[in-house]
Amino acid sequence: MNTLVAEPSAARPRSAPAVDPAAAVARTRARPGLGDTFNQTFAMAWRALKKMRRNPEQFFDVALQPLLFTAMFAYVFGGAISGDVDSYLPLLIPGIVAQTVLTTCMATGVQMREDMDKGVFDRFRSLPMSRIAPLAGPMMADLIRYLIAAVLTYLMGLILGYRPGGGVLGVVGAVLLAVFTGWALAWAFTWIGTLARSARSVQGISMMILFPLTFLSNAFVPADTLPGWLESFTRINPVSHLVSGTRDLANNGVITAQVGWTLLAGLAVIVIFMPLSVASYKRHL
Amino acid sequence: MTATPAVRADGLVKRFGDFRAVDRIDLEVRHGEIFGVLGPNGAGKTTMLKMLATLLPIDGGRAEIFGVDVAAQPHRVRQLIGVTGQYASVDEDLSATENLWLFGRLQGLKAADARATARRLLEQFGLEDAAERKISAFSGGMRRRLDLAASLITRPPLIFLDEPTTGLDPRTRGQMWNTIRGLVEDGCTVLLTTQYLDEADQLADRVCVIDQGRKVAEGTPDELKTQVGDSTLQLQLAPGADQALAREVVFRVLGEEPVTTPESGRMNVPLDVADRAADVLIALREAAVSISSVSVAKPSLDEVFLALTGHGTDTGTGTGTGTARPAGVVPGQDTNSPDKPVMEKAR
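Each protein sequence line maps, in turn, to chains A and B. Residues 69 to 353 (my numbering) are what the first sequence spells out, left to right. Residues 96 to 442 (my numbering) are what the second sequence spells out, left to right.
Just chain B, same shape as in the assembly (with noise of 0.2 Å):
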């Protein structure tokens, strides 16, 4: 309907020191979509968003909202957002229903528009029974969804989530991501950073790819996922094994060489159709070439990084990503080894 993006950045910058934490970083996310922001810890992206949302200041570039610069007129720019941080920002001393009451306050409602609202949004989050319990007895995701309902008080039509469902269970994710869905379905932008690939995949229009302050790619979350094709194979060669003909065979069947370990005897290859792992066993048995074992996984945000960047998540500030690892996705074993498998056999 309109042609303004809900957010437009040019070559955004922070500082920290000699450090760029956001590095001349380029965005545009169009009115009425998810925009997901992807990188691993200490990419940037709370970083950006908090730029973005003037919560910080801007050191280089400019950025603005619906066409209003942020810069210079942060106090209408508050008008356009919600904003949800990483860490609950709701007042620990008071209930859901006095918190959602004075953040309706604070933004200019009525008293009696302010209860309402408050009332309205916490039976909207599914909060009406703990509407006056103490928020320090609530759950990790009854906070989230708090936090998130305050965000919502004056309809902004853009809302910025900061990580929105690091740390919950698998099932409070999924709600977390049906609200999401529903903000948009209102005629909400939301724009949220996410450590997870499978996050983005699941709600997110188009993605863009954050390391170490530069954005290092943008598109949908299937472009994203072609340029490392859509599950891996993992092969662990057992000891003395011939890795120059296991290459070879692999090549031969997928046309595509593996990317190997050679100290470890570790080789992993693209998949484009899982099916196609048995063609490789198949070949590798005809080879005689023994493995230890065999693990077919989709890919991490790791595999996606290393495609991208050519290195893994794991060269940051740690990356924290085996800390809560998602449903749909491979549970890591170790935090800091880049692959991940889903099904291992042993031998």
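Chain A extracted, bound-state conformation (with noise of 0.2 Å):
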């Protein structure tokens, strides 16, 4: 506690000064290199990923949600829309994992908001790093809770029955296809994030956007058993094509036009809402 550097105000005239100014003004660059960027944006995910492991309690919904939801909805609609459980999981499971990669996208927008109301953003702002990287290191950790809730999601299917017909490989083309749509998606609520005034407002505003989104698709029901009217909203609902996605690669193996156009859609919110969040994180300075 004592051992501080200085002596005590006795030694005030002072030497000639150590640091020289302009060759610290010389060494300075305009902006950060690419090499910089990409080296911020893995110390924040280090960040990221030493916070998930301090508070295990985040995984709690990325963990519960796809164990409890899918034998739920199994059991609840299985005899329903498919006549028993075990016709339904094939039509069920690839819904859930959509559903359950869109809840934890919503839970990357929250977790943002919280953490730039943390006195610690001051100092990411303060300092000389690419303004990206704050944004986009916690959402490459993310990538691991993504994956978490597609595997548990698969795993609790097979657990009650589900026998994929795309094979292994099937699978982890499916589980691959959710997790990068999820990481896409996580900008668009990355976006919300810097934008709301507060975590729950977030929170709020993602649930409004998420909800009908999952509902009226054909996540958890066959499209053709809906009215006209909504049955055009699901084919155009790019959830829908993550589902159809995941299911022709899971049921199938088979890599069809949907996956295509759920790569595309990912792409396509990436483009829109990387820059979107990186310009309102900045406007927040």
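The set of hints was computed from the structure by calculation and includes no laboratory data. Every residue, glycine too, gets a C-beta built ideally from N, C-alpha and C. Treat the hints with caution; some may be incorrect.
[Claimed, not checked] In silico contact screen, one side only, chain A against chain B (beta carbon under 7 Å); selected entries: (1) 99; (2) 115; (3) 188; (4) 195; (5) 197.
[As the list claims (entries may be wrong)] So these bits of chain B aren't anywhere near chain A, every CB distance computed over 10 Å: (6) 103; (7) 108; (8) 112; (9) 136; (10) 214; (11) 232; (12) 262; (13) 301; (14) 312; (15) 315; (16) 335; (17) 350; (18) 359; (19) 367; (20) 387; (21) 389.
Using the hints, build the complex out of the two chains.
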């Protein structure tokens, strides 16, 4: 406690400055390079991973939701929709994967908002670092969440008797597609996170977007059972593409146009919302 | 060595709606000095500092750090400064070592260098025992030191310190002062804001006083204090005492007109030498003016303010100066009363 650097004030008459500001100015660079951005993003991802390990309760929703929803939906709707539980599972499991991944994106946005309100973000802002790193870093770390969510859903399905026709490769492909889509969509929720006033409002806004999107899709029911106007909506709903894409991969082991549309939609979301998020984050300065 | 000032601001303005938080402030901080920005809460100190540190957009005027324009080249400016805010800006979920490592990595240090720097700084700031402890278990002083350490990772030539000792106990405060002096001995320039005259007095080579977004004075701490006298004699006349007579006596002894509050019979007068208080008391006794209390106080920020602006510090958004008075200064008994007696004799 007492081992502080400086001697008491007696040493007031100072020696010549050891720091040469002119040299320091000459060393500065106008903007962060690509390599810097990369390293900073990884450093921020490291921070997010550390935080996840310290606060494992964050994983409760990611872990519990697929387990709970899979079992609930399978037994409640299975008989009504597909005649029995076993024939409902191939329809349901990809739907649950999509739903879980979307909810997990929402958590990304909410936590971003919470994080940005903390004092440490003042320091990030004052550091000569890339403005995208504080956003992209946590999102990299969140890939793990999407992975956990998707894998757990499939495991729960397997336990209930789901036997995916696409085999291991098909399921792996489906998981990867879901993880990618989740990561891409997280940029949209991060953008909401940088705009909203509080973490609570991020949650509220995100819920209002998420619920219609997941339920007005083919995630839990065959789309042709819906009234015409609703069916047309579910056909253009990106969640439907994700669900169909993962079904095609996991149940049939084929890469269809649905997979392509899902990837395209994901890329579109990134292209639109990544710059928006960064711009909005900068405005917060 | 170089003629370029560490900080130069011309007509700096920050508006929040119609309110001008910073109103055309000019500033020049020379390389190698500690420059103090003195003012009460809400005067615009932090806002000004945040603009200089690229944390708030500048609404008017311009600012340069070592000749680099703040608004045009914020990324360059960020490489020249270290910022320590009023509230510790470190990550609560990480340990001290992890925090410093992270900030090192974010500023381009290699992993091994970041680790070595973290170790060196923790040692330098006496935090090595707490290196792996959770930040939430840190005391206020430890947090501030960690926060300061985090600003020094890349040895920036200019350090901004926003109220570095507000809320610290006297001992920790003294340690912080020594640390800040050490920074300048290493060749840094320090710009700090403070609410405490004695802090500015102890640390700063030059001081500017800010009030309601405007700069009201600038100079060395000594120059500031001579404007209000070295200390102040505060007299409370007994009820019914002859106030006019008392004023006349005080003026005769000290050659200075006292500032009076007729309603309460209080009068304040600057003293160049504290000993002369005795002369005043004797003269009052001889004139048969009875007093109920007397005190001699060093000039407080409030008095500097009163002298410079004609109003006290309690006009803004509440002073807060009474919450954490530093050791050397008068302990305030009432936040809003402009006079803070050092030794009050009852009757």
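Okay, the hints, checked on the actual structure:
1. 99: holds, 5 Å
2. 115: holds, 6 Å
3. 188: holds, 4 Å
4. 195: Since chain B brings a Cβ to about 6 Å from residue 195/A, closer than 7 Å, the hint holds.
5. 197: holds, 5 Å
6. 103: holds, 13 Å
7. 108: holds, 17 Å
8. 112: holds, 17 Å
9. 136: holds, 19 Å
10. 214: holds, 14 Å
11. 232: holds, 13 Å
12. 262: holds, 14 Å
13. 301: The claim holds: residue 301/B sits with its nearest Cβ about 14 Å from chain A, beyond 10 Å.
14. 312: Consistent with the label, residue 312/B stays out of reach of chain A, its closest Cβ about 23 Å off (over 10 Å).
15. 315: holds, 13 Å
16. 335: Consistent with the label, residue 335/B stays out of reach of chain A, its closest Cβ about 48 Å off (over 10 Å).
17. 350: holds, 34 Å
18. 359: holds, 39 Å
19. 367: At about 24 Å from chain A, residue 367/B clears the 10 Å cut-off, so the statement holds.
20. 387: holds, 39 Å
21. 389: holds, 32 Å
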